[in-house]
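A.B. asks: As you go down the protein sequences, you meet chains A and B in turn.
Using the numbering used here, you'd call the opening residue of the first sequence number 1 and step up by one each time.
Using the numbering used here, you'd call the opening residue of the second sequence number 203 and step up by one each time.
Rather than coming from a laboratory, the hints here were simulated on the basis of the structure.
For glycine and all other residues, C-beta sits at the position ideal for the given N, C-alpha and C.
It is possible that some hints are incorrect.
What the hints assert, rightly or not - In the DSS-like style, the derived pairs of lysine-lysine whose C-alpha atoms are separated by at most 30 Å in a straight line are:
#, chain 1, residue 1, chain 2, residue 2
1, B, K213, B, K230
2, B, K258, B, K323
3, A, K39, A, K11
4, B, K230, B, K243
5, A, K11, B, K337
6, B, K337, B, K230
7, B, K243, B, K323
8, B, K230, B, K258
9, B, K291, A, K11
10, A, K39, B, K243
11, B, K243, B, K213
12, A, K39, B, K213
To be verified - Which residues of chain B face chain A? A partial, calculated answer using Cβ under 10 Å:
#, residue
13, D250
14, Y260
15, F266
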Amino acid sequence: MRSDCDLQQEKFSDYWDEALPSHERIKFELHLASCPACKEEYRFWEESAALIREIGQSDALDIDTATVEEINRNVMNRIYAEQDWFLPASRRLYAFGSGFRRRMGSLIAALLAIFFCGLVYAIYEKTHSPDTPYTGVMDTASAFNSGDSVPSGMIVDVPVASLSDPIVLRVDPAVPEYWIAFALLGVLMSLLTMNWFARVRA
Amino acid sequence: MTDSQLIREIKDGNVDLYSTLMSRYQKKILSFIYQMLRSAKLELMAEDLCSETFYKAYRSLHSFREVDASFSTWLYTIARNTVLSELRKNKATHLSLDDSTYIPAAPAEAAPEQTLLRSEKVSLVRAAINNLPEKQRSALILREYDGMDYQEIANILGQTVSAVKSLLFRARASVKTQMESYYNEPAIIQEYEELKYR
Chain A
1 MRSDCDLQQE KFSDYWDEAL PSHERIKFEL HLASCPACKE EYRFWEESAA LIREIGQSDA
61 LDIDTATVEE INRNVMNRIY AEQDWFLPAS RRLYAFGSGF RRRMGSLIAA LLAIFFCGLV
121 YAIYEKTHSP DTPYTGVMDT ASAFNSGDSV PSGMIVDVPV ASLSDPIVLR VDPAVPEYWI
181 AFALLGVLMS LLTMNWFARV RA
Chain B
203 MTDSQLIREI KDGNVDLYST LMSRYQKKIL SFIYQMLRSA KLELMAEDLC SETFYKAYRS
263 LHSFREVDAS FSTWLYTIAR NTVLSELRKN KATHLSLDDS TYIPAAPAEA APEQTLLRSE
323 KVSLVRAAIN NLPEKQRSAL ILREYDGMDY QEIANILGQT VSAVKSLLFR ARASVKTQME
383 SYYNEPAIIQ EYEELKYR
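Looking at chain B on its own, in the form it has when it is part of the complex (with noise of 0.2 Å):
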């Protein structure tokens, strides 16, 4: 059954369906809304957003106009308001550095010390993407962690597509400019270099 299948008989009364329509998106939104919450730190709060998220866009499913937008775009749209309004209520405006434990792996075949070096970078980006601005930061999780298009950030974040372009650059350059700015640093040039010819 198709999404708009589903919520043709939701709205005609066959509301158990809804939890089957739940089921295909509550991975991706959690994962959305979690990584939204991170800068804040306020991951724990990802699955009571989540659960009102689902229960807002049950709400208004009567309003869903699927010509405007996919069930999903406008999901998503329903969890970035979520989320910024709990962040609002929370005042939750102090960033610090991440200290998530999580590192993606490095090569089989790297080194101790290139490992702390790989470390490094992953926390400095980490760091670097939860100071961004919101609306670059959302714009950079739905390119880069979601996989959407330009079209549909622009539908999420209410903006045009060349909008979007220029937040996802502006939200890189930043990012480059942070680890530019970390590199530049003396002692981590000379040991970079080590490294590197190591």
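Isolated chain A, as found in the complex (with noise of 0.2 Å):
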């Protein structure tokens, strides 16, 4: 049968964690109180106990805050690799090569620089030009007007879909500023096909 002696000697650990019921604390005190060989004991146990939580709490790792930056990189790194289509699109135009990246550039920039050329020649040509417009409404051509300009005896041929022709658009210059449009569009273009690349791009 065990002595009272080694019951309370199996609760050091419980009584050092603060684990103990208060009943059981007042009596492993108690017991400690009353028995030199067990406060001994519980001494030497106390002072190794303290010394492991010691060398615990110094021991907590100086982790700097790059080996913690990295480690989160080569986990985000490895699951985007696994699952690409999660990758933010952000992200995903570095993934680009830098000869694919320098092309795409230089054409964008020679689009850029078309459609800043065409905007300068226009508004240098509408500065220097008359006052007509470039395009605007020409008078509507009316059946009922049609005495005052058009000498007696003639006989015009009034369109049959309506009474008077609506709008008659008039173009001038002849040729409008098409470069203007297509390096817009060219701009837009190549930035929709980065972007559809980097979504489909592994």
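Each of the two chains sits in its own frame; use the hints to bring them together as a complex.
C.D. replies: Here it is, written out as structure tokens:
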């Protein structure tokens, strides 16, 4: 049969962890007060347990932020390498090779240059040309006042679709600024293509 | 945002948030893995195993249920299993005395002899911890280094609370015994007594 000392010594760990119920804790403390052998045993126990705790606390690694970030990046890269469709679009662009990026950049730059040249040219043309509008609405041909402009005795063939022709649009100059529209469309298409590539590239 | 909310978002496809979730536990998990590997002198692998732990956690996130355990406990379980699997792979069963250079500082007024004695004690305790069986060592690290309660340790180790109490008791008793045997050597006793009464 085990002695009371053996039973109380088994409670060292729980007492140290403050996990003993209050009545057992009081019993334990009373026993220590009356038993010098157990008291000495507990003193040594306490010293080693305190040392373990102290080492544990001081050993808490001084992990620097760079290490944490590197681990974080490694894990996320691994996840995205496996499930690339989860990769945010902002990060996907970096998946392009430098050659591809250079070519697309050149294309966009060229298209933008065309756009700006066209714009400058158009503005220049407008400021240095007569006040006639480039495009505009012509006077509506009317069947009812034809007598004023058509010599008498002349028959005007009035369109039958309606009583008056609606709007006749005069485009001047004859060739509009297609290249501005082309350049803008090109830039737009390039960006859309890059975005599309970003979504489908592994 | 709580862990649960983050996990829900990640499960819904907002994978980028996993980075935020990781950053909350990285230091603790890395520290735990480091301590677990120390006995086998494999500390250099700690960062790799930490990455592996978080990657495994992500892969199994769909099976994580908060009613069973907290995310932190679940993560520690994965970390421990990862370390054990690596230790098995390396068959690193040889345990040697720890040569860690860090010694907790002695009180400022301590004499050089006392500092020396203290550093000896610290080395002894470290070596004693490294010599413990794996479960006892895990329980002790989780309790003393990570400040977990019995229930959390029980969840991580897959044991009952009373088994954890027993593991902790045996671990501490083992450390104490090793220290006792060291102090019972006549030369040490003499040196210790001299220092004590100096």
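A.B. asks: Would the pair B/K291 and A/K11 pass a check requiring their Cα atoms to be no farther apart than 30 Å?
C.D. replies: violated, 38 Å
A.B. asks: Mind checking the alpha carbons of B/K258 and B/K323 for me, to see if they're no more than 30 Å apart?
C.D. replies: violated, 38 Å
A.B. asks: Please work out if A/K39 and B/K243 have their alpha carbons no farther apart than 30 Å.
C.D. replies: Outside the cut-off at roughly 37 Å; violated.
A.B. asks: Can you verify the interface hint for B/D250: is its Cβ closer than 10 Å to any Cβ in chain A?
C.D. replies: holds, 9 Å
A.B. asks: Regarding the pair A/K11 and B/K337, is the alpha-carbon distance no greater than 30 Å?
C.D. replies: holds, 20 Å
A.B. asks: Check the hint pairing B/K243 with B/K323 against an upper bound of 30 Å on the C-alpha distance.
C.D. replies: OK: B/K243 and B/K323 at ~20 Å, within 30 Å.
A.B. asks: Does B/K213 sit within 30 Å of B/K243, going by the straight-line distance between their CA atoms?
C.D. replies: violated, 37 Å
A.B. asks: For B/K230 and B/K258, compute the direct alpha-carbon distance and say whether it is at most 30 Å.
C.D. replies: Within the cut-off at roughly 17 Å; holds.
A.B. asks: Holds or violated: B/K337 and B/K230, Cα atoms, limit 30 Å.
C.D. replies: Holds: B/K337 and B/K230 sit about 19 Å apart, inside 30 Å.
A.B. asks: Given the hinted pair B/K213 and B/K230, is their Cα-Cα distance within 30 Å?
C.D. replies: The hint holds at about 24 Å.
A.B. asks: Holds or violated: B/K230 with B/K243, Cα cutoff 30 Å?
C.D. replies: holds, 19 Å
A.B. asks: Against chain A, run the beta carbon of B/F266 and see if the smallest gap drops under 10 Å.
C.D. replies: violated, 16 Å
Hint violations for this structure: numbers 2, 9, 10, 11, 12 and 15, all remaining hints satisfied.
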